[in-house]
Amino acid sequence: MKKIKIKDVVMVALLSALYFVLYMICGSLSMVFGAFGHAISPGICALITGTVMYFVSRKVARFGQFMIMQAILMLLCAIMGAGYIPWIITSMIGALIADFIASRETKPSVLKVALASGFFHVGQACGVFIPCWFFLESYREEWISRGQTPEAMDEMIKYTSGAMGVIATVVVFALSVAGVYLGYLILKKHLDKKDAMAA
Amino acid sequence: MKALKINPIVIILINIIAPTMYIFISGRYLQIYLVSFATCLLVLMGRFKRILALWIVYALMFFGYYFSINVEGLKFVGLFLIVLVQAVPCLALASILITKYNSAQLLSSLETLHVPRILVVAVTITLKYIPTFKREFGYILESMRLRGIKFTWKRPIKSFQYFIVPQLFRCAALAEEVTAAGLVKGIDAPVKRTSFYEEKVTALDISILTVFAVGLIGGFIWR
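Chains as they are written, first to last, in this note's numbering: chain A, 1 to 199; chain B, 1 to 223.
Hints may be right or wrong, so weigh each one.
As the list claims (entries may be wrong) - Simulated restraints on C-beta separations: (1) Asp154(A) with Thr132(B): 41 to 47 Å; (2) Ser28(A) with Leu52(B): 19 to 25 Å; (3) Leu136(A) with Gly186(B): 49 to 55 Å; (4) Ile157(B) with Ile89(A): 30 to 36 Å; (5) Ser28(A) with Pro116(B): 27 to 33 Å; (6) Ser28(A) with Asn102(B): 25 to 31 Å.
As the list claims (entries may be wrong) - Anything over 10 Å on all C-beta distances counts as not near chain A; from chain B, calculated: (7) Leu60; (8) Glu111; (9) Glu142; (10) Phe196; (11) Lys200; (12) Val214; (13) Gly215; (14) Gly218.
In short, the hints are calculated from the structure, not lab data.
Backbone N, C-alpha and C define an ideal beta-carbon position, used for all residues, glycine too.
Given these sequences and hints, build the entire structure.
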């Protein structure tokens with residue numbers, strides 16, 4: 001397990017900026033799909049940002065890379081007024097699991113990176129699910145007071161709790177895995193070419 | 001009136017605390033309070049164009065919300081806008097962080113929070129890099145135009161590849177440059193960092209945070 005250096009931190013920071021921009025775009029677009037789109041929005045983002053995750057695992061390959069990436073994202077969201085404590089906690093736990101899966105080797109397999117991305121994004125998705133599981137009533141009333149309609153809130157709760165919550169989690173995980181494989185397909189020849197040139 | 005100089009840490013703290021308070025106090029009160037507080041803070045900082053932008057965006061979002069919430073096919077737009085509108089005052093303040101303060105000022109102030117240095121460096125780099133994406137995307141589009149390549153929805157993966165691959169390798173190249181510049185400035189030196197922009201917390205900063213806290217306490221009384 002190699003220790004993370006300042007060069008790796010800079011690389012993760014720059015890639016996190018790219019991830020953040022894509023995350024914001026995908027997050028906004030997923031709203032088009034209504035309540036279910038909101039529930040699986042981390043998965044939609046993961047499908048697009050899987051390429052970034054794969055690139056991080058190939059270019060940085062240090063333990064803690066996903067934790068730093070997630071911490072940057074959470075801090076940025078907090079600074080921009082979108083921080084939410086349960087979301088931050090579950091996201092960081094997801095990133096820690098991702099690091100244990102795919103950051104202990106220099107060149108982890110695509111499957112390991114895909115699984116890591118799955119846990120990374122399920123951690124983010126749990127931030128949406130946890131209020132519905134643990135503080136349902138106050139969460140519902142709070143958002144209605146902020147302008148959401150009761151029907152919209154009930155629909156949102158429907159997709160984030162019970163069996164639908166489990167399905168949404170599985171969908172997020174599956175989309176995250178698919179995103180990394182998409183990244184692998186896109187980057188394979190580019191990274192192979194770079195490796196050949198380095199050799 | 002002379003524009004006041006506020007420590008960036010004050011803005012960062014306000015933006016971190018404000019959304020967290022939605023769990024504890026009335027959402028409606030917090031919305032009104034945050035818009036008013038952000039407006040006053042921007043007035044003190046002499047950022048009048050930013051205030052105008054804040055109010056125009058805020059008003060347009062509310063207009064969009066009330067318009068779309070009653071139209072069956074556009075309801076999702078309204079519901080999205082009402083989520084987004086909560087963050088507008090904080091976004092207005094966050095934009096000041098990116099445009100008004102340079103990297104050295106942000107580094108100095110973030111270090112006072114006693115966050116690990118790795119994270120401070122990383123967040124500062126990310127904050128400063130995000131606004132450059134529009135320009136980077138412009139470069140990619142220009143290169144594609146010169147090569148006669150077009151984005152097309154008929155081949156979404158190929159089009160996405162044209163966008164993401166140059167961006168990723170550009171990040172990798174830039175990482176080398178930024179690291180070299182940072183190392184020259186002793187960014188990894190295991191000593192306490194000093195700066196030309198020594199960002200100390202002043203009485204003004206404490207007053208602003210106190211007023212902010214008092215306003216939040218008001219939210220517990222509001223029912």
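Hint by hint, here is what the structure shows:
1. Asp154(A) with Thr132(B): 41 to 47 Å: 42 Å, holds
2. Ser28(A) with Leu52(B): 19 to 25 Å: 24 Å, holds
3. Leu136(A) with Gly186(B): 49 to 55 Å: 52 Å, holds
4. Ile157(B) with Ile89(A): 30 to 36 Å: 35 Å, holds
5. Ser28(A) with Pro116(B): 27 to 33 Å: 31 Å, holds
6. Ser28(A) with Asn102(B): 25 to 31 Å: 29 Å, holds
7. Leu60: About 15 Å separates Leu60(B) from the closest Cβ of chain A, which puts it past 10 Å; holds.
8. Glu111: Consistent with the label, Glu111(B) stays out of reach of chain A, its closest Cβ about 14 Å off (over 10 Å).
9. Glu142: Non-interface label on Glu142(B) holds, nearest chain A Cβ at 19 Å vs cutoff 10 Å.
10. Phe196: 21 Å, holds
11. Lys200: 21 Å, holds
12. Val214: 20 Å, holds
13. Gly215: With a cut-off of 10 Å, Gly215(B) remains clear of chain A, as the shortest Cβ separation is near 15 Å.
14. Gly218: 16 Å, holds
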